[in-house]
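Residue numbering for the sequence shown follows the working numbering, starting at 75 and increasing by one per position.
If you are wondering where the hints come from, they were derived from the structure by calculation, not from laboratory data. Quick reminder that beta carbons are idealized off the backbone N, C-alpha and C, glycines included. One thing to keep in mind: the hints can contain errors.
[Stated by the list, open to error] Below are the EDC-like pairs computed for lysine to aspartate or glutamate, each with C-alpha atoms no more than 20 angstroms apart in a straight line: (1) 427 x 510; (2) 423 x 510; (3) 423 x 344; (4) 424 x 484.
[As the list claims (entries may be wrong)] Derived DEER-like restraints, expressed as beta-carbon distance ranges: (5) 273 x 208: 46 to 52 angstroms; (6) 140 x 245: 46 to 52 angstroms; (7) 254 x 184: 27 to 33 angstroms; (8) 363 x 416: 27 to 33 angstroms; (9) 622 x 351: 27 to 33 angstroms.
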Amino acid sequence: MAQIAAESLIERLAEWGVDTVFGLPGDGINGIMEGLRRHRDRVRFVLVHHEEAAAFMATGYAKATGRIGVCLATSGPGGIHLLNGLYDAKLDHVPVLAITGMQETSVLGTGYQQEVHLDKLFEDVAEYNMLISNPAQLPSLVDLAIRTSYARRGVSHLTLPNDIQVAEAGADPYEQLGPARTPQTSPVYLQPPGIPRQEDVEWAAEVLNRAERPAILVGQGALHARHEVLAVAEALGAPVIKTLPGKAVIPDDSPYTTGGIGLLGTRPSEELMDEADVLFMVGTNFPYSKFLPEPGKTRVVQFEAEPTRAGARIATDVPVVCDAKEGLAALLPLLSRRDGNAHLAKYQKKMAKWRADMDALQSPDRDPIAPQYAMSVVDRLAADDAILTCDSGTIATWAARHWTIRGEREFYLSGTLATMAPGLPYAIAMQHAFPDRQVIAYVGDGGFSMLMAEFLTAVQQRLPVKVVINNNNSLGQILWEQMVLGYPEHGVRYDQPEADFAAWARACGGFGAKVTKPGDVESAVSQALAHDGPALVDVDVDQNEPPMPGKVSYDQAKSFAQAFLKGQPHKAAIATTLFKDRIQKLMD
75 MAQIAAESLI ERLAEWGVDT VFGLPGDGIN GIMEGLRRHR DRVRFVLVHH EEAAAFMATG
135 YAKATGRIGV CLATSGPGGI HLLNGLYDAK LDHVPVLAIT GMQETSVLGT GYQQEVHLDK
195 LFEDVAEYNM LISNPAQLPS LVDLAIRTSY ARRGVSHLTL PNDIQVAEAG ADPYEQLGPA
255 RTPQTSPVYL QPPGIPRQED VEWAAEVLNR AERPAILVGQ GALHARHEVL AVAEALGAPV
315 IKTLPGKAVI PDDSPYTTGG IGLLGTRPSE ELMDEADVLF MVGTNFPYSK FLPEPGKTRV
375 VQFEAEPTRA GARIATDVPV VCDAKEGLAA LLPLLSRRDG NAHLAKYQKK MAKWRADMDA
435 LQSPDRDPIA PQYAMSVVDR LAADDAILTC DSGTIATWAA RHWTIRGERE FYLSGTLATM
495 APGLPYAIAM QHAFPDRQVI AYVGDGGFSM LMAEFLTAVQ QRLPVKVVIN NNNSLGQILW
555 EQMVLGYPEH GVRYDQPEAD FAAWARACGG FGAKVTKPGD VESAVSQALA HDGPALVDVD
615 VDQNEPPMPG KVSYDQAKSF AQAFLKGQPH KAAIATTLFK DRIQKLMD
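Let's have the full structure, built from the sequences with the hints guiding it.
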């Protein structure tokens with residue numbers, strides 16, 4: 075049997091260490107599917123129910139493993155569906171390769187059925203983007219695509235016309251006219267050195283050693299540098315603030331952390347940002363500049379792997395281009411150690427009060443069920459090496475504040491795109507990557523309903539993912555954002571009947587439990603975690619629980635009040651919930 079070009083594509087993926095491709099077949103990629111069939115012993119194909127989920131799975135796989143994620147879609151509409159997941163990869167800087175089909179070269183430009191020029195469509199999302207027009211281009215362009223994704227931490231895209239896919243592998247039907255020949259490349263990526271220049275490290279150490287009220291802000295670029303971050307924090311006596319994608323950099327019970335920053339963050343972190351005289355940013359491109367120090371108020375040292383992102387959010391006094399782990403290791407010997415630090419002790423005291431306030435909101439006695447309590451049960455019962463994935467919305471607030479990083483736990487969500495629906499696809503991909511670890515998707519009813527067919531994928535793939543749905547029968551985050559603007563809510567609550575997603579889970583052949591009373595939460599979550607297979611717990615939580623910022627500003631409070639005065643339809647229920655929250659904190 076003659077080797078086809080699609081085989082050279084799949085073989086090259088395997089040589090790069092790719093073991094999984096997430097996708098959905100179509101007549102535009104039948105040749106690629108044949109290549110996968112012929113090499114199914116080297117690369118497994120995971121059949122999903124929606125191409126958007128395939129792109130999310132590739133992104134989640136890349137986030138959790140550091141290796142390139144690969145997704146596959148057919149020509150036209152199939153390829154279009156990939157875009158949301160690919161933008162998630164682009165904005166969170168993870169390496170993903172998208173492979174799509176294209177109509178036969180002989181009909182391109184004629185308006186043939188499903189003819190969408192995906193190479194043009196993907197121009198903004200992809201760092202490397204190529205239409206394969208000659209079988210001889212493979213596998214060299216696979217090398218270039220993957221190497222570019224690794225180097226630029228982003229998306230690459232290859233689109234193959236139908237006839238190219240099934241042409242003889244390596245065939246070159248055209249005469250070589252110029253002084254060139256088909257490149258012979260290798261599936262090798264050389265990681266650039268991450269060691270900073272000595273003079274830059276010395277400059278950074280000089281500024282940090284002079285700090286009286288230092289603060290460290292870490293992001294996902296420091297996820298591999300836990301030991302070094304803690305060592306630097308100890309040497310400087312500096313509290314550590316964590317971005318949400320960087321939540322797992324250090325444990326949440328560390329005496330050095332003040333938790334998150336931003337709308338989902340903590341009061342101590344916000345107060346620390348206001349008070350710090352030196353801010354040390356490590357592995358973060360935190361976009362919400364409103365929560366960073368005012369220009370000129372605080373000196374800033376930044377360790378950033380990508381030169382274009384150094385100083386992108388705030389004027390940086392000492393920008394250092396380096397890998398977080400290697401940079402911190404080089405910095406440590408130059409730091410002057412501090413003992414008996416009053417600055418750190420002050421924020422440790424503040425965090426003790428914050429943790430007590432958060433614990434008070436986790437009451438099992440509140441009815442309707444407090445979402446903080448539901449999340450706390452998952453946190454308490456989950457394994458110390460569990461992976462939690464999360465959707466965007468109010469659930470991100472509850473996860474940020476009530477999912478505790480301890481042991482080897484990890485946490486992933488759509489950080490910068492903040493899209494809905496990736497939680498379940500992420501979990502499926504990560505369960506493929508780590509079959510022996512507990513993987514939990516903590517999602518909202520809005521996000522889950524978008525890609526709920528992928529629970530069936532989990533059942534069919536026999537993946538023991540666990541899904542916990544924070545079901546408030548609304549688009550909760552948008553509801554509160556409308557009110558913070560001073561407007562009464564509109565178009566954000568779904569009509570009755572409320573969905574019973576547990577019934578869907580059981581219909582798929584998985585475990586499903588519907589929870590409406592707080593006393594049933596722990597039993598249902600325990601059963602789901604113990605179930606040998608996919609399991610889902612659908613928890614009806616209080617619709618009127620607001621994801622309050624760590625520190626409420628005067629303008630936010632004023633806008634909230636204006637929404638009430640303008641006719642907020644559920645103001646009595648919201649006021650009751652806020653009153654319960656306040657009473658619970660006082661009673662704790």
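Residue 140 and residue 245, beta-carbon distance inside 46 to 52 angstroms? violated, 35 angstroms
Given a hint of 27 to 33 angstroms, does the C-beta separation of residue 254 and residue 184 actually sit inside it? holds, 30 angstroms
Does residue 484 lie within 20 angstroms of residue 424 when you go C-alpha to C-alpha? Between residue 424 and residue 484 the Cα gap is close to 25 angstroms, so the pair fails against 20 angstroms, i.e. violated.
Taking the Cβ atom of residue 273 and the Cβ atom of residue 208, is their distance within the range 46 to 52 angstroms? holds, 48 angstroms
Cβ separation of residue 363 and residue 416, checked against the hinted range 27 to 33 angstroms: Since the Cβ atoms of residue 363 and residue 416 sit about 29 angstroms apart, the hinted range of 27 to 33 angstroms holds.
Restraint check for residue 427 with residue 510, where alpha carbons must lie at most 20 angstroms apart: violated, 37 angstroms
If you draw a straight line from the CA of residue 423 to the CA of residue 510, is it 20 angstroms or shorter? violated, 38 angstroms
Holds or violated: 27 to 33 angstroms for the Cβ distance of residue 622 and residue 351? holds, 29 angstroms
Compare the distance between the alpha carbons of residue 423 and residue 344 with 20 angstroms, and conclude whether the hinted pair is satisfied. Holds, at roughly 15 angstroms.
The structure does not agree with the numbered hints 1, 2, 4, 6 stated previously, though it agrees with the rest.
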